[in-house]
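Using the sequences provided together with the hints, build the complete structure.
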Amino acid sequence: MRFASAGTFESNDCLITVQEDTQITIEIQSIVYDQFKDQIEKVIRDALSELNITNLYVDCNDKGALDYAIKARLLTAIKRMSDQHA
Amino acid sequence: MRRSLLFIPANSPAMLQNADVFASDSVIFDLEDAVVLSEKDAALSLVNEYLKKFEFDNLEIIIRINGLDTLLSKNELDTIVNDKIDTVMLPKATYETTLQLSKMLEKIEKQKKLTKKIGIIPIIELAKSVIEVNQIASVRGVTGLLLGGEDLATDLEVERTEQGLEILLSRSMVVLAAKANQIDAIDTPYTQTQNDEGLLKDTLFAKSLGMSAKVCIHPNQIETINQVFSPNEDEIAYAEKILNAVSQNMNNHKGAFSVDGKMIDKPIIERAQKLLEKAKKWKL
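One line per chain: the protein sequences are A and D, in this order. So that you can map any letter, position 22 of the first sequence is 22 in the numbering used here, and since no number is skipped, the others follow by simple counting. Remember, the numbering used here sits 1000 above the position in the second sequence when you count from 1.
For the record, the hints were derived by calculation from the structure and aren't laboratory data. Glycine residues also receive a C-beta, built at the ideal position from the N, C-alpha and C atoms. Do not rely on the hints blindly, as some may be mistaken.
[What the hints assert, rightly or not] Residues on chain A that point at chain D, a partial pick, calculated with CB under 10 Å:
1) Phe3
2) Ala6
3) Thr8
4) Ser11
5) Asn12
6) Glu20
7) Ala65
8) Ala69
9) Arg73
10) Leu75
11) Thr76
12) Lys79
[To be verified] Derived PhoX-like pairs: lysine-lysine, alpha-carbon spacing no greater than 25 Å straight-line:
13) Lys1112/D with Lys79/A
14) Lys1262/D with Lys42/A
15) Lys79/A with Lys1074/D
16) Lys1112/D with Lys63/A
17) Lys1278/D with Lys79/A
18) Lys1053/D with Lys79/A
19) Lys1278/D with Lys1262/D
20) Lys1112/D with Lys1207/D
21) Lys42/A with Lys1112/D
22) Lys63/A with Lys1040/D
23) Lys79/A with Lys1052/D
24) Lys37/A with Lys1052/D
25) Lys79/A with Lys1040/D
26) Lys37/A with Lys1053/D
Now the structure itself:
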C-alpha cells in the first residue's frame, strides 16, 4: 500500500498522511478539534474535489494550522505519493 | 527603495504568517538555504498557498529561489511567479545566470499575462559575481544588488571577521555598480543576531560606504536597520529648506544660490529630492 506524508508537528503546522483507499476517508486529530474539526475536513474535501480525487485515506494531525497550510501539506503529500507511482 | 529586507524560511507556517507583522520594507521567502533538500517541494507548495490566501499592502514580496544550476528553480519560477510577488532573488548570480533569469521572467510574465514586471535581486556572493557586478546590475529587471558576504568569504577562501576588511572591496564594488545603474545597494546580513551594538556599527559602516539597505536574518534587527537608513528630522528639514530655496530662486531667475551659507548646486538638489522621496515613502 502506497502512502506519503508532508508537514510537521510544529505549532501552526500539521502532518498530513495520505494512503491509497477505495473511498474518501478522513481522520482528524487537532488541538482545536472541537472548534475547527468541520472546517479542517472541509478544506481537505474541497482540495480533493479540486483534484477530482474520489478514493484516498487522509490523516490530518493538526497543531493549529490555518487553511492554506492544511491545503499545502495535503497537496504535497498527494504529489509525493503520486511520484512514487512514476 | 528599501531599507530592510527580512529573510523568512519558506517551510515554516508560524513564521510565514507573521511576515507582515514586522516593520521591514520587504520580506524574502527563502526556498534556498533555509529549506533542506527533502522539503523543497513542501516549502514551495506552502508559500504558494500562503500567497494565494493573503494580501499585502506596502510590503515587497521577494522569493529567494534555488540557483539556476539546480533542477528546482524552473519549477519554482513556474509555480510562484504571479502578480502576488514583486521580486525574485537569485543566489550565486553571474552575468549569464542573471540574464537567463531575466529572459525566463519575461517569458512567464507574457505567458501568465502579469500586470507588472517582476524585479530581480542578484546575490553577489562569488568572486566571479563581484568581477561581473556592473554587467549584472545592468540586466533588465534588476532592482537591487545584495552582497552575500558569508558565501563570498567561502569563495575567496578567507575568514569572515567582525571588521569585514576581507569584503571591503566587494562591498564598495556593489555600491558603485548599484549607484551607476540607479538601483539599491543591499548589504550582507549581520549574523550575530543578539549583538545589537555590533549590528549598529556594521550598519552605520555599510551606510557610510553608500549601501542603501541591509538584509535581516532576525526580526530584532529590523528597527536598527530602518533607523540607520532612514533620513533623520534634521536631514528632512534641511532638504525641505533646499527645495524651498530652489523654487524661490527659480521664480527670481537666479542661477547659483546658497542656503545657510552653503552653495547649492545640482547634485545637492538631487540628493535633497531623493531624501524627501524616501521620507515620504516611509512616512517620516
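Each hint tested on the structure:
1. Phe3: violated (16 Å)
2. Ala6: holds (5 Å)
3. Thr8: Thr8/A check passes; min Cβ-Cβ to chain D is 8 Å, inside 10 Å.
4. Ser11: Check passed: Cβ of Ser11/A comes within 6 Å of chain D, closer than 10 Å.
5. Asn12: With a closest approach of 4 Å, the Asn12/A hint holds.
6. Glu20: At 20 Å from the nearest chain D Cβ, Glu20/A fails the 10 Å test, so the hint is violated.
7. Ala65: holds (6 Å)
8. Ala69: holds (4 Å)
9. Arg73: Hint holds; Arg73/A Cβ to chain D Cβ min 7 Å, cut 10 Å.
10. Leu75: holds (5 Å)
11. Thr76: At about 5 Å, which falls below the 10 Å cut-off, the nearest Cβ of chain D leaves the hint on Thr76/A intact, so it holds.
12. Lys79: This interface hint holds because 7 Å falls under the 10 Å limit.
13. Lys1112/D with Lys79/A: holds (23 Å)
14. Lys1262/D with Lys42/A: violated (69 Å)
15. Lys79/A with Lys1074/D: holds (17 Å)
16. Lys1112/D with Lys63/A: Measuring from Cα to Cα gives roughly 35 Å; hence the hint is violated.
17. Lys1278/D with Lys79/A: Outside the cut-off at roughly 45 Å; violated.
18. Lys1053/D with Lys79/A: Within the cut-off at roughly 21 Å; holds.
19. Lys1278/D with Lys1262/D: holds (23 Å)
20. Lys1112/D with Lys1207/D: violated (39 Å)
21. Lys42/A with Lys1112/D: violated (30 Å)
22. Lys63/A with Lys1040/D: OK: Lys63/A and Lys1040/D at ~21 Å, within 25 Å.
23. Lys79/A with Lys1052/D: Holds, at roughly 19 Å.
24. Lys37/A with Lys1052/D: Given pair Lys37/A, Lys1052/D holds - Cα atoms ~23 Å apart, limit 25 Å.
25. Lys79/A with Lys1040/D: This hinted pair holds, its Cα atoms lying about 13 Å apart.
26. Lys37/A with Lys1053/D: Given pair Lys37/A, Lys1053/D holds - Cα atoms ~20 Å apart, limit 25 Å.
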